[in-house]
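Let the sequences and hints guide you as you build the complete structure.
Just so you know, UniProt numbering puts the end of the sequence shown at 453, numbered straight through with nothing missing.
No lab work stands behind these hints: they were computed from the structure.
Some clues are possibly wrong.
Below, simulated DMTMM-like cross-link-like pairs (lysine to aspartate or glutamate); rule was C-alpha separation at most 20 Å, straight line [stated by the list, open to error]:
no.	residue 1	residue 2
1	K331	E428
2	K257	D382
3	K351	D410
4	K257	E288
5	K351	D396
6	K287	D275
7	K435	D382
8	K411	D383
9	K435	E405
10	K351	D393
11	K257	D324
12	K435	D383
Label pairs and their in silico Cβ distance ranges [as the list claims (entries may be wrong)]:
no.	residue 1	residue 2	range
13	S192	A220	41 to 51 Å
14	L385	T281	33 to 43 Å
15	P407	A283	40 to 50 Å
16	S192	T246	50 to 60 Å
Computed from a prediction, not measured in an experiment: that's the story for all the values here.
Backbone N, C-alpha and C define an ideal beta-carbon position, used for all residues, glycine too.
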Amino acid sequence: MFFLKKSNFILFFSLLAIVATASLLFIINSSPTDTAQAGSEHNVGGWAWADATGWVSFNCTNKACRNVGWQGQFCSTDADCGGQAASCLNDCTITGKNYGVNLDLNTGIFSGYAYSANSGWVSFQETPPETTWRASCQNPGACTGACSACFNNSTGKVYGWANIINLGDNGWIKLSDDSNPLWADKGVKIASDGAFSGWAWHNNDAGSGTGWLSFNCADAGAGGCSGHDYHVQGNIIGQPQAVSVTQALDNKCSGLKVQWDVPVWGAAGFQIIRDGTQITTGAGTCKEWPLAGGVCTDLGLSPGATYQYVVRACNDASCALYSDSAPANGKTNAVCEVSFGAPASGICPNKINLTWNTPAGTVTSYHVYRCDATAQIAAYCDDNLNYAQAGGDCWDTTNTNCTDEVPLADKSHRFYYKVAGYNSAVPEEGDWSDKTGPDVACPKSPIWEEVKP
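Here it is in structure tokens:
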């Protein structure tokens, strides 16, 4: 894998260059004056290739052999350069510049610089003059013609322009143009694994320039990857969005449900961070991998407590590369589910005595609900919508027992009950208990009767 001049592009791309030359000139009246520098985070690296000017490095951490006989070969260690010590060096060391290209997936905006030994600095943060700066390039219609380099994660396409600083007005590189039938869908793209592909184009007012810039040797027309395996690679993962934390169904006092939007660009799965620590044990599903559905439950929590969650999008199960969501808080219910104690007992003519156990959490009173199952289908009282407030002293009682007064008390009328703890300080009601029953208010005689033979 040497920095040798690649074979010419196939005839299709030669024809494409001719057609594009007439339509893609971008002439402006002022020169960029930015100094070549970049921020501390450069999440795009690798190499691109242009027949006219050679290799373009997208990150100073890219390594190549610098020793005679091996010079120009991509390398990981000195062993790849014949074993000579200090022969495999990165561009940070050679150029003395901490350069790189960065992509913010939340906005789609590129920033930073690539470097070519022949062309110099290539800026990905210049805005062509007489155009409106856009805070986000997620709308492809807003950024297909004239804007700084930007990425739309719904299409996977890169739009806009980069600039060869040394060429000033004549240095604009167009990254895609779907309006050109020969270039449509062949501009620069980014796959979900961060791999770039496709072609950019540079020409100037003199009719010369870099020409086609290849972002991946595997693209049709790039000549293949044998002997010069290259592509531009983004270590990019989107930030999980719309994270919400709510009380878990049927586990309000001890469980929370975490939800977020999926898919997330570049994410193979997700980890859940609670109060700064990844959830790896315990009840619930938040400890599982990959949580591709964008929802999990965290159980076994303390009642009435507030917890903070962060959803971490990971490139793989090791999560060597990740992106964290903004934190989201959730609070468990202060009152836990109630369970009934001794069976209910009927008192003629129309009363039913109920008892229950004190639940965990902080309870100030209890709400008792009644369902009349008379002449209803078997599962009628499984539905909470069929329950109403019980009578007697069963509503908002501070005791763990009460006496309900039912409207009908003969042995054919059967009732089911559920009870919930209530905290007036919050205020909030706990989960309803399981139902108890069927209960009859005044069973004076058995439902069955003995018949003489």
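- [ ] List, from low to high, the hint numbers that the structure doesn't satisfy.
- [x] Failing hints, ascending: 2, 8, 13, 16.
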